[in-house]
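Undergrad: Given next are the chains, with one letter for each unit.
There are 2 protein chains.
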Amino acid sequence: NVNKAMNGAGNLMDFLDEPFPDVGTYEDFHTIDWLREKSRDTDHVTIRNKPTCYHSKESIWELIKSLLDAWSGWVVMLLIGLLSGTLAGVIDLAVDWMTDLKEGVCLSAFWYSHEQCCWTSNETTFDDRDKCPQWQKWAELMTGHAEGAGAYVLNYFLYILWALLFSFLAVSLVRVFAPYACGSGIPEIKTILSGFIIRGYLGKWTLLIKTVTLVLAVSSGLSLGKEGPLVHVACCCGNLFCSLFSKYSKNEGKRREVLSAAAAAGVSVAFGAPIGGVLFSLEEVSYYFPLKTLWRSFFAALVAAFTLRSINPFGNSRLVLFYVEYHTPWYMTTQLGKYPVLEVIAITGITAVLAYPNPYTRRSTSELISELFNDCGALESSQLCDYINNPNMSRPVDDIPDRPAGPGVYNALWQLALALVFKIVITIFTFGMKIPSGLFIPSMAVGAIAGRIVGIAVEQMAYHHHDWIIFKNWCRPGADCVTPGLYAMVGAAACLGGVTRMTVSLVVIMFELTGGLEYIVPLMAAAVTSKWVADAFGKEGIYESHIQLNGYPYLDVRDEFTHRTLATDVMRPRRNDPPLAVLTQDTTTVEDVETLIKDTDYNGFPVVVSRESERLIGFVQRRDLTLAIKNARQKQDGVVSSSVVYFTEDAPQLPASNPQPLKLRRILNLSPFTVTDHTPMETVVDIFRKLGLRQCLVTRSGRLLGIITKKDVLRHMAQMMNQDPESIMFN
Amino acid sequence: NVNKAMNGAGNLMDFLDEPFPDVGTYEDFHTIDWLREKSRDTDHVTIRNKPTCYHSKESIWELIKSLLDAWSGWVVMLLIGLLSGTLAGVIDLAVDWMTDLKEGVCLSAFWYSHEQCCWTSNETTFDDRDKCPQWQKWAELMTGHAEGAGAYVLNYFLYILWALLFSFLAVSLVRVFAPYACGSGIPEIKTILSGFIIRGYLGKWTLLIKTVTLVLAVSSGLSLGKEGPLVHVACCCGNLFCSLFSKYSKNEGKRREVLSAAAAAGVSVAFGAPIGGVLFSLEEVSYYFPLKTLWRSFFAALVAAFTLRSINPFGNSRLVLFYVEYHTPWYMTTQLGKYPVLEVIAITGITAVLAYPNPYTRRSTSELISELFNDCGALESSQLCDYINNPNMSRPVDDIPDRPAGPGVYNALWQLALALVFKIVITIFTFGMKIPSGLFIPSMAVGAIAGRIVGIAVEQMAYHHHDWIIFKNWCRPGADCVTPGLYAMVGAAACLGGVTRMTVSLVVIMFELTGGLEYIVPLMAAAVTSKWVADAFGKEGIYESHIQLNGYPYLDVRDEFTHRTLATDVMRPRRNDPPLAVLTQDTTTVEDVETLIKDTDYNGFPVVVSRESERLIGFVQRRDLTLAIKNARQKQDGVVSSSVVYFTEDAPQLPASNPQPLKLRRILNLSPFTVTDHTPMETVVDIFRKLGLRQCLVTRSGRLLGIITKKDVLRHMAQMMNQDPESIMFN
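Chains as they are written, first to last, in the UniProt record's numbering: chain A, 1 to 731; chain B, 1 to 731.
Calculated directly from the structure, the hints in this document are not laboratory data. Among the hints, erroneous ones may be present.
Since the list gives no way to pick one copy over another, a pair counts as held whenever it fits inside one copy or between any two copies.
Distance condition first, Cα-Cα at most 20 Å in a straight line; then the derived PhoX-like pairs of lysine-lysine [stated by the list, open to error]:
# : residue 1 : residue 2
1 : K204      : K250
2 : K690      : K250
3 : K292      : K531
4 : K292      : K247
Turn these sequences into a full structure, and let the hints guide you.
TA: Shown next, in the form of structure tokens:
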């Protein structure tokens, strides 16, 4: 077998013929080599597509197998769509029920939410569909009194109690069973998609615990959402289904293509926005996104959205899909941070205590947002729509002219202002708690509240002062010229855009949410403006900042590198460093190799013809070297410390007295990536990004000079941006 | 100056310090080197961003200039959007007027189209808005008789005459003034965006002539459309505005980023679908599409769509934006092909003669499509909606149940069947004529006709046989279960998808056109099915086929290369070929170089330390070498045929008797791209695609073995797909 491999092409494809396991895999918290993974897949394809010379029965089976293999990508997408859609639907239902459980219970069936409870009630009319005898608040159920200060206090107390219970359960489950389930997960998924390995981050336990604790965290009423976590959940589904097909489970590159599509499915179910999901994955999350993945993402996103829609029991599809959404990267270093459970309990308690009295913070944030987006129709009974109607207007019409605000609107304005301050502050403090949490809905809520306040102010100014210059040209008296709901929508888009720096995908998600292609211009203007303003404070969105805080080696495709440094300025060894640790092709002994492995912690070693000529012939991974020597020492007779290691095609015939040579050409990468020392770093950065390299060797006129790793590139980029390169700690 | 350059970093950035012009530019029908262009831009940025140490007045001017430079990308996008939107609007208006001119004229103002003419008429009611006294058909105007066989024949005759006049004008203008204005332009734009140079293809003359002849060609009633040509027109606008900013005009890579965005603006105005335009550019046209270009494309597409919308005088925005669209790649080798003018006249004549009698082919194709998409409402008076109404139905309602078809529908079915055959045949023959022509609308029309026919058939079957198993479960009697218009829409998407192999962008364009997010699932299913079916016949869409027919060196990002060949199998020289043409760093004379240039036609030469060691030190372009020697012979004293050419950092001090050496390090690319001979071709193809290389050198242990060019890669890929590599001729 070994001989066969050595007679073969001799390149890294030979890994598959390896007798010992794990060669060509990666260690935890290491970066994959995209080029290597792509070659491995080609090899796999070639093996898969080998001509069939079996009997007809077997050949049919072979045909089915090869068809299944060819279609496995689409099958995986279908499964991801179905499972993530189902999970999102279950989460929606559970959150709905548990959020209402904090306030009361349905007597006819305790597993009904408030809305479902009153739906089944026959006594409900359109006007008070929220009130029905089957649904009882806790105070009414326990004391029989529905009104009064005592009932209010009891409801208030139980509300806080339930909230604390939910959040305690959430944080405990995360701590005990799956620490990776906390946070939004998007920064880690971005890092994983860029080629980093974090074992268990997308595992079955994470999937299970994140789903359960997400329901608990959202239901507890904390200022967080489920968009990021749903992306994480969908990626866990993707990883799960990858393991069904060896094509995906054995190739880290192919696996990442599936995960990109799964991320699209996650956003798709979070918002019911399949196209927005695909663009989010393309713009925000993915690293390597070939066109094939675009189609597959689109397919997965569609399946997921329609699975969710068919599960959804409410029927009013669009705005229910747009349900609860929030998030939490960044760590604020508080004393509480050291006691995650206490922190969660404290924040939950404060949130519950402060949120309950204000009607705009008590309800779920998504309900708040949809109320803020709403235009005040004639039938609208909300406080925000308490306008003084023109008595001449005989019947309700669709196009209501601007009206003066009534006392309800002024009251709502005050409550909204308080809610705005509360939301901003509590969302900052909810950041980084050890529970699943998303960012979208809290940001959108902050923006929507601000937008609605501005909208009402402009509307009232336009009504009372339509002779002002700014209103004169476009607002005649009696016309409907200001729609406060649109201001809220634009505000939500602007705030979310400022936090995440999304542009195209943000606009698409917003118009898929609201269904109005005609609002695309104000939304676009808001997205671009907020991006420009936010970029003036710092180029990084919240996910990139989080990646940096966590010290992941992430090479952002968007950072432009425009300095004139050369590869020779970045490569190691530096001028006064010891020379590069290299192996020679036919003079190193097993002992030398073992010493080198013990003394250094490099991930791989270049192999040269001889120390004098320094001509490069290949690159060998530390992990493969260790495994190969261990394996040879155990299984191959005559391999001792003084055995010579041969990386050449043929080992010389040695007299029997000499120790048996160890042939290691099969683990040698014969096509290491090289650049010359004069190559501009800008080109090197481009190559690292586009080809997804782990390391690159530097040569001059065929002589090996040094090595540049991905971390060297990242450190150099930080240095060029006037950051202290030593401050960058890698995980 | 030369010395300064030689003391510098010594890499290819030195080109800018060159005293002689044109160094670092490309010849016509050559491929650009993306890595080099990127480095040149970096250099440009560094120069642009140099610290300002001027007086305050100058520094404000500097600030303004640097701001303008930073914002120039957005300014260019704005200008492209404005101009391409305006051009599209003008084209729409002109086509509308000239199409109607074939039938008659407006008496109140001859420059009004039929619709505008009758709009201004006061006597028009809703029912017969097409009939008004101001609008007169030619027969009525000339003879006074509006009806009768004589009038019909005269109208028919004049219709053909106008059509012939328009198409003759179109083909003559293209022939005389701008041969590049013919066809759809998309295959060439794809090729240009991939890095090919075709001078004048996006020039001012092409822009002007294409705009004018597009109007003529579409108005003549040929089975062609304006989508592809509008993309070409928008790219010409992009190229025009690039020349305003040196950042874009001097860098072929940056210019292509702008052109990608312009292509998005073109599709945006062709369909009024900004997001579809961006995705079309991403999925179908572009080669290198960084995220920055995504945002800018979106901006340009939006500006263009809204400029068009604000010009559009009809107001019923969506379906007017969806106006006339067709196209024509491929050359069918007919005898007529040798006489382009005769060909156009003949096809126009046949089209006009056959199209006039059938009402479904006489009207413009876009009107046909919008009628086919329409659901039959209660007010609809079209022949296609001639159903037998239930006498019990007292008043028109929105949700009309399925009804039996009346004689009008059966009549329409026959005419549609004839129109289907006519459209398929004539569109094939319209292919490849030398006038601007687009593909989208003819394909969509064919699909829509077929879809509508199937839709009506299913509807009638469901009405008459609702006990059949296939209808039983979802179609109760008296329900509205089949919408023939939806069948037409899905048919149009399927046909277009089969021709172009678009998926995501197709679905997005279709739903932006029709405004219905809920039809996304049938559209998606149609797009994916038609892609799979069409892929079974051949992997290439019509644009890729056209690129191959034209022999452009286009490396498709979508073709998967999964063979196990190595770089050594592809590189030149082959085993029995003469050795690689190389230059040495310090032993070649000017005469040797001139002989080498005369004897070979390679685009560049590797430079090695010596012929013995074969250690690679750089790569020099043929064009730069020729220019440098010519320049030195003219301006530098003492450079004669026996002068030694030095590519080293310092030339030795020679005695005065020796001829003056020629130092050429400044034109030497010191960072040529290398791979080892063991590198799998799959990796090499990937590198060529992602980095946009022109050529790549092959080494083994530091020794130069050979070279692989982009054309070698393309030839090898064709060979691996069992095509004859020699059959591939490159332009």
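Undergrad: It remains to establish, for every hint, whether it holds in the given structure.
TA: Cross-check of the supplied hints:
1. Taking the shortest Cα distances, K204 and K250 sit within 20 Å of each other inside one copy (17 Å), while across copies they are farther apart (54 Å).
2. With identical chains, the CA atoms of K690 and K250 are never at most 20 Å apart, being 22 Å at best within one copy and 24 Å at best between copies.
3. Taking identical chains as interchangeable, the C-alpha atoms of K292 and K531 lie at most 20 Å apart only when they sit on different chains, with a minimum of 12 Å there against 30 Å within one chain.
4. For the identical chains of this complex, K292 and K247 are intra-copy neighbours only, at 16 Å inside a copy versus 33 Å across copies, given an alpha-carbon limit of 20 Å.
Going down the numbered hints, you'll see the structure goes against just number 2.
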